[in-house]
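Chemist: Each chain is listed here by its residues.
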Amino acid sequence: MENTITVNDVDTDFLPLIHDIIKSGERENHEPQKSAQEISQKIQDLQKKIDQARSDIRKLPGVQYNSEQQLKAMDDLRQSLQMKRQLLLKYRHMYSFDVPKY
Amino acid sequence: MSANTSTRDKLLGLLDDFELLSRELIENLSAGRQQKINVQHQLLLTEQLVATDNEIKATLKVAEHQAEVEKKVNAIKEEIETQDQHITQMQKHFKEAENILATALFQAKQKLQSINKASKHPVSSEDLIKYAHRISASNAVCAPLTWQPGDARRPYPTDIEMRMGYLGRLSDLPLNGHIMQPQGLADIVRSNNQIDRQASQQNQFAWHSTGDMHLGVGSGVIDTRNHSKDVAEDVEVMSTDSSSFSSSDSQ
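Protein chains in written order, with the UniProt record's numbering: chain A, 1 to 102; chain X, 1 to 251.
Calculated pairs, SDA-like style, for lysine to any residue (alpha carbon to alpha carbon, straight line, at most 25 Å): (1) 48(A) to 9(X); (2) 71(X) to 79(A); (3) 59(A) to 12(X); (4) 23(A) to 47(X); (5) 72(A) to 84(X); (6) 77(X) to 66(A); (7) 84(A) to 84(X); (8) 71(X) to 82(A).
By construction, these hints were calculated from the structure, which means they are not laboratory data.
Kindly produce the complete structure, drawing on both the sequences and the hints.
Modeler: Encoded structure:
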């Protein structure tokens, strides 16, 4: 399970980056050359971050179905387990022999 | 359709939305500097962007909860696997027990059939002994490996050996007017064991044609073998003579 990651590992804080890009755009009037490079770099960073988030989300465990489906699947498995336990108990406590009465 | 969408697809869709909105917002801001800025549109885009971001965070919380549920599901699956192994093992034991019981039942039925057959056709012990004598006298299957012509040994107990045996000495009755010399069981066993090794020893046990039996105990060993021709013939005649054995039985 080395490919599995947790939700905490997924970085989705994109808004600060967008805020920085907007701020850099506002400064473009003072230093247009420098600001354009900075904006371009930050847009690339944002794109990388979004792609990384996509990749991480694909590795998240238990999200291959939605919450309702997952709970239903868990209930089905619990019922199956209960039936198997009852079957084992039945096997273990069943009469060894039917002794005929004379 | 959306009800069946998995959380992963929902998250990826939200990310796509966020990417599109952010791109549009940045492009609008870039274009707005050259043209007239549409503030309302920018505001709407920003609100949608923030709403999408919030939705991503909320969906991630759902995903976190689902990850915890997934752990429980995995634990249940492991437990089911363990129970399956137990059930398989138990079924294997049941199958073995079934085979053993089926064999035992078959043998028991055969024994019951034999018992019923025996109770329907009872055989007296005397007939049984006679039959045993008959098969021991005529139905032996092989001779000893070292047997040669003239060897007095037989693949079945000879009449003398039978007389020396425990059954023959139970009653300790006189045979033809003579009383057999008492002999311990240990001596009989020892003598039987040493029959082969004492073949060359001197004859100490002779059976005469008159029916008299002389038993001599020398060096603690009884030799029932005799390489003397005439005595061997006597022994052979007496041992295969069922009438003499029957007469001793009838006493």
